[in-house]
Structure formats: C-alpha cells, structure tokens
Amino acid sequence: EAQVTQNPRYLITVTGKKLTVTCSQNMNHEYMSWYRQDPGLGLRQIYYSMNVEVTDKGDVPEGYKVSRKEKRNFPLILESPSPNQTSLYFCASSLMPPFEGTEAFFGQGTRLTVV
Amino acid sequence: AQKVTQAQTEISVVEKEDVTLDCVYETRDTTYYLFWYKQPPSGELVFLIRRNSFDEQNEISGRYSWNFQKSTSSFNFTITASQVVDSAVYFCALSEALVKKRGSTLGRLYFGRGTQLTVWP
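Line order of the protein sequences matches chains A and V. Taking the numbering used here, the leading residue of the first sequence gets 1, the next gets one more, and so forth. Taking the numbering used here, the leading residue of the second sequence gets 1, the next gets one more, and so forth.
Just so you know, these hints were derived from the structure itself, not from any lab. The hints are all genuine.
Here are the in silico distance ranges between beta carbons for each label pair:
1) V:Q2 - A:V54: 22 to 30 angstroms
2) A:E53 - V:D18: 46 to 54 angstroms
3) V:Q116 - A:K18: 32 to 40 angstroms
4) V:A7 - A:E70: 35 to 43 angstroms
5) A:K57 - V:V46: 22 to 30 angstroms
6) A:E53 - V:Q57: 37 to 45 angstroms
7) A:V52 - V:D18: 41 to 49 angstroms
Glycine included, every Cβ here is placed at the ideal spot set by N, Cα and C.
Please take these sequences and the hints and turn them into a complete structure.
In structure tokens, the structure reads:
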C-alpha cells in the first residue's frame, strides 16, 4: 500500500531534550516536506527536500533540522525543543515538486507536546 | 503578506445547502499551480484538485466544483447539496517555482489558514 509513515503519532517531551520524528514513504517520491499545523495558522512549511541531499528552508525553519540521506526517509530533528514547538506535524511526499502540479500525500500526523 | 488567503474561518450550513469556500492568492509567477485539500475530523489531509495557471476552465466533479479566475486571483470551491460528510477543514494552496540550486528548481507550497466547514443534519 502506497503511504507516508510518520512516527511517533503522539509524543510528550520536556524542554531541551532532543527528539526525532521519522518520516518514510514507499512511493519513490522525489519531493518531501514537513509542515506544522497550528490553530488559526493553517499549515506552514518547515523544510522541504527536492531529492537526496537537497533540502531548503520553508516558512518556519527555526529550531528544526532535516536530512535526506535516502530517498525514502526525511526525518525532522528538534535539537532542543521548546514549548512553542508544541504542534501537529505532518510529513508529505509527492512524485515531483508542487510546481510540477503533483499532489502531496500526507502522513497521519505527529502530535507533539513540549512541556 | 499571506500568499494564500482564506477569509472564511468557519462556515456552518444545513444539509443540502450549497456552500462556496473562497480562496484568494498572490503570486508574481506566470506559471503556478493551485490546490485544494480536505482535512476531515479524523485528521488526515486528502488531495482534492489541482489547477494549472494556464487553465482557467472551471471543473466539476460530482457535487464539487471549482471556479478559477486569474483576473481576481481566486480559486473558489463550491459544494452543491452539502452533506454531513463534507464537514472538514478545507485548505487552499499555491505552488511557485524558485531559484535553481544544484541544477534543480526548488519549490515551495503555501497553504491558506483553512476554512472549517460544518454541515448540520
């Protein structure tokens, strides 16, 4: 089954404790991205990746890191989480970049709470 | 300034009513794509439609229709004879191509803030 898999689905952590949210897709998609969803703000892009080793910042990259060492995986790293990073996070992938018109497939979301 | 504006934060209708969700976008590109996504109460995001900037034909898919007007930079979404299952948050999104990097043209996807549609029985 074609899918984007995020883990974990729910996470409660403490300020400053490094964490990684994994994202994997099995569709051989080139483009992957991370979004955060906050009430009243919609979805905001954190980072995106065109392909292996090619990544760039989105709207809200501060406090996050990403890497794309393999085509299928695009982990999101929070080196020192803070309470303002409490949010619902979505990973997405698409065959080509959005400007090529390909639709995004989203993961189930990760609800992160930083206390 | 927002690239994509969905001015309606929440809309409530009664079943069988028609409802239009507005989307206004801002771009300097001549080539771009617009999208609509649906997020039902279960939380997943589902693609509904894409529209190329060169194709201003309106599209109808069952009870759904989309009106793209470049003159007003709008890409509105209408649900005819709404049903309870249409209750969801709907997002409009815009994609643009950016500068080339390492031989690739990178791209961003901008979402609006979403419109929460509630359809009452």
